[in-house]
Amino acid sequence: AQSVTQLDSHVSVSEGTPVLLRCNYSSSYSPSLFWYVQHPNKGLQLLLKYTSAATLVKGINGFEAEFKKSETSFHLTKPSAHMSDAAEYFCVVSPTSGGYQKVTFGTGTKLQVIP
Amino acid sequence: ETGVTQTPRHLVMGMTNKKSLKCEQHLGHNAMYWYKQSAKKPLELMFVYNFKEQTENNSVPSRFSPECPNSSHLFLHLHTLQPEDSALYLCASSQDASGRWAKTQYFGPGTRLLVL
Numbered sequence: 005a006q007s008v009t010q011l012d013s014h015v016s017v018s019e020g021t022p023v024l025l026r027c028n029y030s031s032s033y034s035p036s037l038f039w040y041v042q043h044p045n046k047g048l049q050l051l052l053k054y055t056s057a058a059t060l061v062k063g064i065n066g067f068e069a070e071f072k073k074s075e076t077s078f079h080l081t082k083p084s085a086h087m088s089d090a091a092e093y094f095c096v097v098s099p100t101s102g103g104y105q106k107v108t109f110g111t112g113t114k115l116q117v118i119p
Numbered sequence: 004e005t006g007v008t009q010t011p012r013h014l015v016m017g018m019t020n021k022k023s024l025k026c027e028q029h030l031g032h033n034a035m036y037w038y039k040q041s042a043k044k045p046l047e048l049m050f051v052y053n054f055k056e057q058t059e060n061n062s063v064p065s066r067f068s069p070e071c072p073n074s075s076h077l078f079l080h081l082h083t084l085q086p087e088d089s090a091l092y093l094c095a096s097s098q099d100a101s102g103r104w105a106k107t108q109y110f111g112p113g114t115r116l117l118v119l
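Residue numbers (the numbering used here), protein chains in the order written: chain A, 5 to 119; chain B, 4 to 119.
These are computed hints drawn from the structure, not numbers from a lab.
This one's a predicted model, so the numbers in the text were calculated from it and none came from an experiment.
This list has only true hints and no planted wrong ones.
Derived pair list, reagent style BS3-like, types lysine-lysine, alpha-carbon separation capped at 27 Å: (1) A/Lys-62 - A/Lys-72; (2) A/Lys-106 - B/Lys-25; (3) A/Lys-46 - B/Lys-44; (4) B/Lys-43 - A/Lys-114; (5) B/Lys-39 - A/Lys-46; (6) A/Lys-46 - B/Lys-21; (7) A/Lys-106 - B/Lys-55; (8) B/Lys-39 - A/Lys-114.
Far from chain A, some chain B residues (derived; all Cβ distances over 12 Å): (9) Gly-17; (10) Met-18; (11) Thr-19; (12) Lys-25; (13) Lys-55; (14) Val-63; (15) Pro-64; (16) Arg-66; (17) Ser-74; (18) Ser-75; (19) Leu-81; (20) Leu-119.
Computed footprint of chain B on chain A, listed as stretches where at least three residues anywhere in the stretch have a Cβ under 8 Å from a Cβ of chain B: (21) 46 to 58; (22) 106 to 112.
All C-beta atoms in this analysis are idealised placements derived from N, C-alpha and C, irrespective of residue type, glycine included.
Given the sequences, and given the hints that come with them, work out the whole structure.
What follows is the structure, given as structure tokens:
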């Protein structure tokens, strides 16, 4: 069984300040983990993914996430928020057990960036 | 963004209508997916096709009928829908849907469906 929990449904930051979006997962196997972003009226776009290589993963637009197995976390961070970062962010987990990998999406975190 | 396209972008239909959603991917992928995105609910996987074979039907009601004629096209046929089926329907594709590590999925912009 697997699950993913996004701890905050809404996060509000000022432009230029750091962003932290939290994600905890549960998986019976070593997981693949992803962060996607969805801007209004758009599909989901991949920000970054973890698949057992380096635990600190760098993605697009200055985002990065750190896989912490001991804490079962995969939090998304960015040093300085831009107005264009305002969107909804989804954490996704998939087990690695062979065969078709069923992905589980979190409920999403809406990021508001205040000018 | 143009790797996966969906048509129509918006659809309004009555409960007795029959309509189809279309998805096309231009990425050379072998797996395609349908998801339902409702307000305040997690994204729900509906169907998965891997090399044109359906590998996942996530307990979806029979009023939703998928079709995958080739690896580049995916359809979702709709009939006698209910108002609670109103949602954003997202299509995605990936290199394939097998192997140990999950492949990255690339999403289309979605079809916003309203059932009256």
